[in-house]
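> Numbering (our numbering), first residue to last: 1 to 250.
These are computed hints drawn from the structure, not numbers from a lab.
Take the hints with a grain of salt, since some may be wrong.
To be verified - Between beta-carbon pairs, the in silico distance windows are:
1) D55 x N162: 33 to 41 angstroms
2) D65 x A222: 21 to 29 angstroms
3) N223 x D125: 41 to 49 angstroms
To be verified - Here are the computed lysine-lysine pairs in the DSS-like style, where the Cα-Cα straight-line distance is at most 27 angstroms:
4) K76 x K159
5) K73 x K216
6) K216 x K108
7) K144 x K73
8) K63 x K152
9) K108 x K221
10) K63 x K221
11) K211 x K159
Each residue gets a CB set at the ideal place from its N, CA and C atoms; glycine is no exception.
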Amino acid sequence: MKFKQHFLVTDNTSNMNKFIVVLLVAFCGAALADKSVLVPALGSIFPLKKKVHEDIIKANQIKIDELSNEVLKQSKLAAQILTHTTTVLKSDVENSAETLDQDISNIKVMINQQFKKPKAIGSRDVRNCLSVEVILVEALNTNKIRACYDTKTIAELTKNKNDILALRPSVNSIGESCRQQHPLESDSAGMETCITNNLTTSTSLLNERAKELETKINDLKANSATCIQAEEQGISAESNAIPGRALACL
1 MKFKQHFLVT DNTSNMNKFI VVLLVAFCGA ALADKSVLVP ALGSIFPLKK KVHEDIIKAN
61 QIKIDELSNE VLKQSKLAAQ ILTHTTTVLK SDVENSAETL DQDISNIKVM INQQFKKPKA
121 IGSRDVRNCL SVEVILVEAL NTNKIRACYD TKTIAELTKN KNDILALRPS VNSIGESCRQ
181 QHPLESDSAG METCITNNLT TSTSLLNERA KELETKINDL KANSATCIQA EEQGISAESN
241 AIPGRALACL
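Based on the provided sequences and hints, a complete structural model is requested.
Below, the structure written as structure tokens:
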């Protein structure tokens, strides 16, 4: 009788095990079709490994590298634009100055030939009047036009261009910087937020510096053109006026 009772218990246990296996098979079959069921369930049985800082850095490394490459790209582009702009501006200034230098030279030759020795010409008043014009023509030069090539502003623009590239080291070290700010491996949320915020801030800084440089370059070109035009007009007006005034002295 005791043997029979033991047999029944063993048999029931076997049936229960079979029932559990059937349930697991059915559950896994359904779970495979719906991962939203499988993952949480497996997570409760086999706890998933919690993200550590190194995992978070690796997950964001592509974004960090892309931003770093964009900084380098923008820096190279800025350097090319600045070099081209300064080359063109210097050429514009030199061409204008050389043209006016020739005009001034012609005026000086004419005045010197006709009025440099006014002692033999007319009265003292006439000679004094001509002497003034001789002095004025000798004073003509294109120094102010050459000053239209604004070396001070160009030096500032070079610094602005370098400021773009200066962002790269801080971008490359975003991961390590955030790791230092959030040393506890349990602070994964803080680490994630830190990296995201740093990427956003660095992107904004890059855009701001690139835009600022673009604006300053455009201002430099406009100011240089205005300066050249104004000085050309001033020198031309004076060059053209001197011969007329000299003749009026007679």
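> Which numbered hints does this structure break?
Hints 2, 6, 7, 8, 9 and 10 are the ones this structure does not satisfy, whereas the remaining hints hold.
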